[in-house]
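As given, the protein sequences belong to chains A and B, one line each in that order.
First residue of the first sequence? That's 0 in our numbering, and the numbers climb one at a time after it.
First residue of the second sequence? That's 0 in our numbering, and the numbers climb one at a time after it.
These are computed hints drawn from the structure, not numbers from a lab.
Positions of the beta carbon are idealized from the N, C-alpha and C atoms, including for glycine.
Each computed EDC-like pair below joins lysine to aspartate or glutamate, with the alpha-carbon atoms no more than 20 Å apart: (1) A:K17 x B:D50; (2) A:K54 x B:E43; (3) B:K17 x A:D40; (4) B:K167 x B:E134; (5) A:K17 x B:D40; (6) B:K10 x A:D66; (7) B:K97 x A:E13; (8) A:K10 x B:D37; (9) A:K10 x B:E67; (10) A:K54 x B:D37; (11) A:K10 x B:E57; (12) B:K54 x A:D40; (13) B:K10 x A:D40; (14) A:K10 x B:D66; (15) B:K24 x A:E96; (16) B:K17 x A:E13; (17) B:K10 x A:E38; (18) A:K90 x B:E6; (19) B:K54 x A:E13; (20) A:K24 x B:E87; (21) B:K10 x A:E43; (22) A:K54 x B:E13; (23) A:K97 x B:E6; (24) B:K17 x A:D50; (25) B:K90 x A:E6; (26) A:K54 x B:E6; (27) B:K10 x A:D37.
Reference excerpt, derived from the structure (chain A facing chain B, CB under 7 Å, subset only): (28) L8; (29) Q14; (30) P19; (31) F44.
Protein chains: 2
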Amino acid sequence: MMTESIESLQKLAEQFGKLPGVGRKSAMRMAFALLQLDELDVAEFASAMLDAKQKIHECPICGNLTDEETCYVCCDETRDRGVICVVEDVKAVMSIEKVREFRGVYHVLHGVISPINGITPDKIRLKELITRVGEDGVSEVIVATNPTPDGEVTAMYISKYLKPLGVKVTRLAYGIPVGSDLEYADEVTLGRAIEGRRDINS
Amino acid sequence: MMTESIESLQKLAEQFGKLPGVGRKSAMRMAFALLQLDELDVAEFASAMLDAKQKIHECPICGNLTDEETCYVCCDETRDRGVICVVEDVKAVMSIEKVREFRGVYHVLHGVISPINGITPDKIRLKELITRVGEDGVSEVIVATNPTPDGEVTAMYISKYLKPLGVKVTRLAYGIPVGSDLEYADEVTLGRAIEGRRDINS
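Between the sequences and the hints, there should be enough to build the whole structure, so can you do that?
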């Protein structure tokens, strides 16, 4: 096959194939696209990779990613250190930040408890969370793990550990997505929406 | 926004966003995935990029891509230099090579004539084709441009220029894709399939 014959093209496509959601064909298309860029742009791309990998690390306070000493949320003097939002991963931080509603700080677990997958409580950043809550005069912990079975178990676990410390532990509200239609809501979501109903004008 | 705050992550995502079919969200997902790789793998990825860009160039004979002096088809002594398959781009070479049926050589036009897009015959590798056909004792030119209006015009143009040189000019067969269903064939394809019908056992 020809692709095997242009060795450096094949190797490049293999690298793109390592990325999520990139199959063999897309990988080759990306490799071709890269060759279309001029030499300077390719050099910039390559150095952006090396640079990001070298500079980005976990924030020692919250586990968020950063290329500074601590992440930009933990650096920000205007954020309320008394409210910690616990999330599974850095993408969740980005999603919540986009809303521009939450003014507290984060704690990134880098995973959820999942016995089936061998992820026991000691494998995620739970100990760090408990330490933080104990030290920092935290008034509320909002558990924003995903509404999956593992996310729920993790939320329960966190609640069990933190409540004795006298901290308020809350969970994000479940319900019908805004702009959606009842017709398309699954039963579990609809059940939770009914269970969590609120007074109008509340 | 947080993404703007991790500058090196943002920059990396921008680079992935330059690739075809990669939107803002996918680009960020790819940037995250890259950070999951260990340092050595990222270095390998970056060097595969630089390496491919530096080494790969057009084959001076046929316009195919290569990282050697000439491409592997032109190098191959067993290929029939008397039959040239004319294609729009390198991807078409790869598609045809995958079939392992064609034993001639290629000529990559790097485009098709497209007056609307300002691509006149002198902007693609047509002159090189005519020179090759004149010099090399070529018996047949198979025009395998895509069955699009521009591809057709280009095929007609090539045929008009080459026929006077006494060379046989052919075009790939149109018809129902194998394994497909007549029900799903568009009318133009079906029309061409009827027009190009052949005796059974031919």
